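Asks: Here is how the chains run, residue by residue.
Number of protein chains: 2
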Amino acid sequence: MKMKESQFLLIKEQLKKLTSKECFYKQKLEGVNVDQIQSQEDFEKLPFTWKGDLREAYPLGLMTEPEEKIVRIHSSSGTTGTPVIIPYTQQDVDDWAFMFKRCYEMAGITNMDRIQITPGYGLWTAGIGFQLGAERLGAMTVPMGPGNTDKQLRMMMDMKSTVLCATSSYALLLAEEIAKRGIGDKICLKKGVIGSERWGDKMRQRIANELGVDLYDIYGLTEVYGPGIAINCQAQGAMHYWDDFIYLEIVDPKTGEVLPDGEVGEIVITTLRKQGAPLIRYRTHDLSRIVPGECPCGSPFPRIDTLIGRTDDMVKVKGVNIFPSQIEELLTVINGASSEYQVMVDHLMGKDVLTLFVETVPGVNRYALEIEIQTQFKGRIGLTPVVKLVDMGELPRSEKKSTRVFDNRY
Amino acid sequence: MKMKESQFLLIKEQLKKLTSKECFYKQKLEGVNVDQIQSQEDFEKLPFTWKGDLREAYPLGLMTEPEEKIVRIHSSSGTTGTPVIIPYTQQDVDDWAFMFKRCYEMAGITNMDRIQITPGYGLWTAGIGFQLGAERLGAMTVPMGPGNTDKQLRMMMDMKSTVLCATSSYALLLAEEIAKRGIGDKICLKKGVIGSERWGDKMRQRIANELGVDLYDIYGLTEVYGPGIAINCQAQGAMHYWDDFIYLEIVDPKTGEVLPDGEVGEIVITTLRKQGAPLIRYRTHDLSRIVPGECPCGSPFPRIDTLIGRTDDMVKVKGVNIFPSQIEELLTVINGASSEYQVMVDHLMGKDVLTLFVETVPGVNRYALEIEIQTQFKGRIGLTPVVKLVDMGELPRSEKKSTRVFDNRY
Numbered sequence: 001m002k003m004k005e006s007q008f009l010l011i012k013e014q015l016k017k018l019t020s021k022e023c024f025y026k027q028k029l030e031g032v033n034v035d036q037i038q039s040q041e042d043f044e045k046l047p048f049t050w051k052g053d054l055r056e057a058y059p060l061g062l063m064t065e066p067e068e069k070i071v072r073i074h075s076s077s078g079t080t081g082t083p084v085i086i087p088y089t090q091q092d093v094d095d096w097a098f099m100f101k102r103c104y105e106m107a108g109i110t111n112m113d114r115i116q117i118t119p120g121y122g123l124w125t126a127g128i129g130f131q132l133g134a135e136r137l138g139a140m141t142v143p144m145g146p147g148n149t150d151k152q153l154r155m156m157m158d159m160k161s162t163v164l165c166a167t168s169s170y171a172l173l174l175a176e177e178i179a180k181r182g183i184g185d186k187i188c189l190k191k192g193v194i195g196s197e198r199w200g201d202k203m204r205q206r207i208a209n210e211l212g213v214d215l216y217d218i219y220g221l222t223e224v225y226g227p228g229i230a231i232n233c234q235a236q237g238a239m240h241y242w243d244d245f246i247y248l249e250i251v252d253p254k255t256g257e258v259l260p261d262g263e264v265g266e267i268v269i270t271t272l273r274k275q276g277a278p279l280i281r282y283r284t285h286d287l288s289r290i291v292p293g294e295c296p297c298g299s300p301f302p303r304i305d306t307l308i309g310r311t312d313d314m315v316k317v318k319g320v321n322i323f324p325s326q327i328e329e330l331l332t333v334i335n336g337a338s339s340e341y342q343v344m345v346d347h348l349m350g351k352d353v354l355t356l357f358v359e360t361v362p363g364v365n366r367y368a369l370e371i372e373i374q375t376q377f378k379g380r381i382g383l384t385p386v387v388k389l390v391d392m393g394e395l396p397r398s399e400k401k402s403t404r405v406f407d408n409r410y
Numbered sequence: 001m002k003m004k005e006s007q008f009l010l011i012k013e014q015l016k017k018l019t020s021k022e023c024f025y026k027q028k029l030e031g032v033n034v035d036q037i038q039s040q041e042d043f044e045k046l047p048f049t050w051k052g053d054l055r056e057a058y059p060l061g062l063m064t065e066p067e068e069k070i071v072r073i074h075s076s077s078g079t080t081g082t083p084v085i086i087p088y089t090q091q092d093v094d095d096w097a098f099m100f101k102r103c104y105e106m107a108g109i110t111n112m113d114r115i116q117i118t119p120g121y122g123l124w125t126a127g128i129g130f131q132l133g134a135e136r137l138g139a140m141t142v143p144m145g146p147g148n149t150d151k152q153l154r155m156m157m158d159m160k161s162t163v164l165c166a167t168s169s170y171a172l173l174l175a176e177e178i179a180k181r182g183i184g185d186k187i188c189l190k191k192g193v194i195g196s197e198r199w200g201d202k203m204r205q206r207i208a209n210e211l212g213v214d215l216y217d218i219y220g221l222t223e224v225y226g227p228g229i230a231i232n233c234q235a236q237g238a239m240h241y242w243d244d245f246i247y248l249e250i251v252d253p254k255t256g257e258v259l260p261d262g263e264v265g266e267i268v269i270t271t272l273r274k275q276g277a278p279l280i281r282y283r284t285h286d287l288s289r290i291v292p293g294e295c296p297c298g299s300p301f302p303r304i305d306t307l308i309g310r311t312d313d314m315v316k317v318k319g320v321n322i323f324p325s326q327i328e329e330l331l332t333v334i335n336g337a338s339s340e341y342q343v344m345v346d347h348l349m350g351k352d353v354l355t356l357f358v359e360t361v362p363g364v365n366r367y368a369l370e371i372e373i374q375t376q377f378k379g380r381i382g383l384t385p386v387v388k389l390v391d392m393g394e395l396p397r398s399e400k401k402s403t404r405v406f407d408n409r410y
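Respectively, the protein sequence lines represent chains A and B. Using full-length UniProt numbering, the letters of the first sequence map in sequence onto residues 1 to 410. Using full-length UniProt numbering, the letters of the second sequence map in sequence onto residues 1 to 410.
Worth flagging that the hints you see were computed from the coordinates, not collected in a lab. Predicted model, so just to flag it, every value in this text is computed and none were measured. Idealized CB from N, CA, C, for every residue including glycine. There's no promise every hint is true.
Mimicking EDC-like on lysine to aspartate or glutamate, the simulated pairs with C-alpha atoms at most 16 Å apart in a straight line are [as the list claims (entries may be wrong)]:
#1 B:160 <-> A:68
#2 B:16 <-> B:53
#3 A:160 <-> B:30
#4 B:160 <-> A:370
Which bits of chain A does chain B cover? Going by a derived footprint, with three or more residues having C-beta under 8 Å, they are [said to hold, decoys possible]:
#5 60 to 69
#6 120 to 133
#7 138 to 147
#8 279 to 293
If you only want the chain B side, here are some residues facing chain A, beta carbon under 8 Å, derived [as the list claims (entries may be wrong)]:
#9 38
#10 46
#11 47
#12 48
#13 108
#14 112
#15 141
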């Protein structure tokens, strides 16, 4: 996608600022002459920024504004290593709320909605992001935070919440619980804003049907504000991102080469206005593609496709690359299988074995279903799995992002 | 305390507004002619508002602004019954942050401090109140939320947090943990801002000593914004409250009569600027007194004493009224006893029995200590308890407000 003139100017200004004082990027961009960056092509020669760079900067190495301008930090969970800490100025906090408000508006949410917020607060960017954006919109927030399903449902009914903000996994849990308790007619939800992780159409449809809502994927990551930098519109299918705040590239995950619009690759983000911790060409590990052309909704903001997966949740088994999204798509076409699954990859007696656990609807012929899943898996993905069917609800539901693929070989 | 002219005008304006449209107070004040309220004495004839009134208004009966102006609700925990829901407009949220900023400033905290926030977020007012106030000040917030002591301590060290916001109970837990791990020299804390519940001087001193910090009591309640309406200054000893936002009376808990400055009674609050859910003469159940005279710190804001207890945590045993504060004071003078205690009141074989559990320091002569506590208790409070000594750390620490008195008779 062609870089806009306005984006180029913001990037140049930022690069000048970053290379003129002691900070993370002064080191990172050592040897780069900013004056010589005259075009998008020049920009694309700049080095990528990696999550590992951010980890090395722990705790506050990314901070590019003086202490007195920083009002907050957020942090990625750090379950996979040293956490990453992102400092925010007041302007960053305000810009984020502004973008988040725009997300709600894109989803047709207004100041007459009541927005129940179930993601967590604190170091995680989710809860407070959803809240301050909704407050900026002037909607009534019902700030629940995670867990306590009884209380969630009680407040959802008593407050007549019209919008649910949640991870897909927690939205599913709530939908199932509402069905189980037979309280669907007391629920006033109209829309769900679901933190974008990779989730399949089948799961999406189950949540939409059981809650009777329209669902909107909202995208973001702690390193770049948090959720709220993109959301799908009412035409559905793809997410508009705010190209006045971020510059987005899609690159080949292996070569780093920028890909043409429409091709799937890794999302790379450059922030245009961030103060506390600007990022240049940050590798998100999220896989998507630019959706070319104009959106039927009429919005001028460009689009990326629903996330296809992450570069790091691909597993390679017997030479075959497998993405969770492929398994989700497979399950969509199989009657009797639910959307919930788990994959275990093990090395047993000298061989790699992929075991696929799938939740099934009651009363299904399990033997026939196993055979069908095996056959379809082999046909579509190129490998024969061991299939284990389990009852609905047996696989874990998570309040945060779900891990569905476990590679036990290493 | 004499009502200021500016307070009177704000109250009159508010009363006129509240009685001119359908809302909670239009009903509550039926028959009151606002034009006839000409003086403080007239105001003092208005009926009190009780927590029960607020519960009956569940869920949104208190809301006095139209839906589109409400941006948030908070709620009291509701462990003792139907929760109370308080709606906030954007101005309420801003006013609260403004008052909270003033609290930090009163405690000598600046935009160069790093403020670690350990109370919870969500429906509870604590976490987000501490955070938005700190952000308004321009300090760097480290938004932890409750629990996960390992991570709290790691962030406290890595972020070099200088201010700890916590309940007294959680501050104690962290202080003990720091001592146990011998990491005191890696802790940069200078001040603690402690959510005001009733806590004794001994506990205060232990926290102050072990953390090496100055402690500030911050006061507030969900029904009236949340924490941040009063805090003690660097002269210590009493809390300044913001009389440009609240009008505060001290009344006899039994008769409701307004008491002279200096006398202990129940705090009654009238909000002066609140929009979402204004309150007129709200009975807080908190016991304190107006501290007469001027504060050596020079602040013009009036003062209330450290909370003495709550009208509802008094227990009556064998005709004797006992407040937790009396037990805390008692333990202050007893060598070998820590600040931590628990009281169980039971009805056994036709008699009321008060059992006092006390944590003791190691190596103490337990028999002698038991006798001493019994004797002192009888002498000061007028009743002989059963004393049970336990080791340090055996009694529960809580992240929220501690309950130390359990009346098992009913």
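Asks: Can you verify the interface hint for residue 108 of chain B: is its Cβ closer than 8 Å to any Cβ in chain A?
Replies: Constraint on residue 108 of chain B not satisfied, violated at 16 Å.
Asks: Could you check if residue 38 of chain B really has its C-beta closer than 8 Å to a C-beta on chain A?
Replies: Violated - the Cβ of residue 38 of chain B stays beyond 8 Å from chain A, reaching only about 38 Å at its closest.
Asks: Check whether the Cα positions of residue 160 of chain B and residue 68 of chain A lie no farther apart than 16 Å.
Replies: Within the cut-off at roughly 15 Å; holds.
Asks: Within the segment 279 to 293 of chain A, is the number of residues with a Cβ closer than 8 Å to a Cβ of chain B three or more?
Replies: Violated: only 0 residues of the segment 279 to 293 of chain A have a Cβ under 8 Å from chain B.
Asks: Three residues minimum, CB to CB under 8 Å: does the segment 138 to 147 of chain A make the cut for coverage by chain B? Let me know.
Replies: Check passed, 8 qualifying residues.
Asks: Any CB of chain A closer than 8 Å to the CB of residue 47 of chain B?
Replies: The hint is violated - residue 47 of chain B has no Cβ within 8 Å of chain A, the shortest such distance being about 27 Å.
Asks: Per the CB criterion, is residue 46 of chain B less than 8 Å away from chain A?
Replies: Status violated, d = 29 Å.
Asks: If you take the shortest Cβ to Cβ gap from residue 48 of chain B to chain A, is it below 8 Å?
Replies: 26 Å, violated
Asks: Is the Cα-Cα distance between residue 160 of chain B and residue 370 of chain A 16 Å or less?
Replies: 56 Å, violated
Asks: Mind taking a look at whether chain B covers the segment 60 to 69 of chain A? Criterion is 3 or more residues with CB to CB distance under 8 Å.
Replies: Held - the segment 60 to 69 of chain A has 4 residues with a Cβ nearer than 8 Å to chain B, which meets the minimum of three.
Asks: Are the Cα atoms of residue 16 of chain B and residue 53 of chain B separated by 16 Å or less?
Replies: Not satisfied, since the Cα-Cα distance of roughly 20 Å exceeds 16 Å.
Asks: Within the assertion that chain B covers the segment 120 to 133 of chain A, do at least three residues meet a Cβ-to-Cβ distance smaller than 8 Å?
Replies: holds (count 7)
In the structure shown, a violation is registered for the earlier hints numbered 2, 3, 4, 8, 9, 10, 11, 12 and 13, in ascending order.
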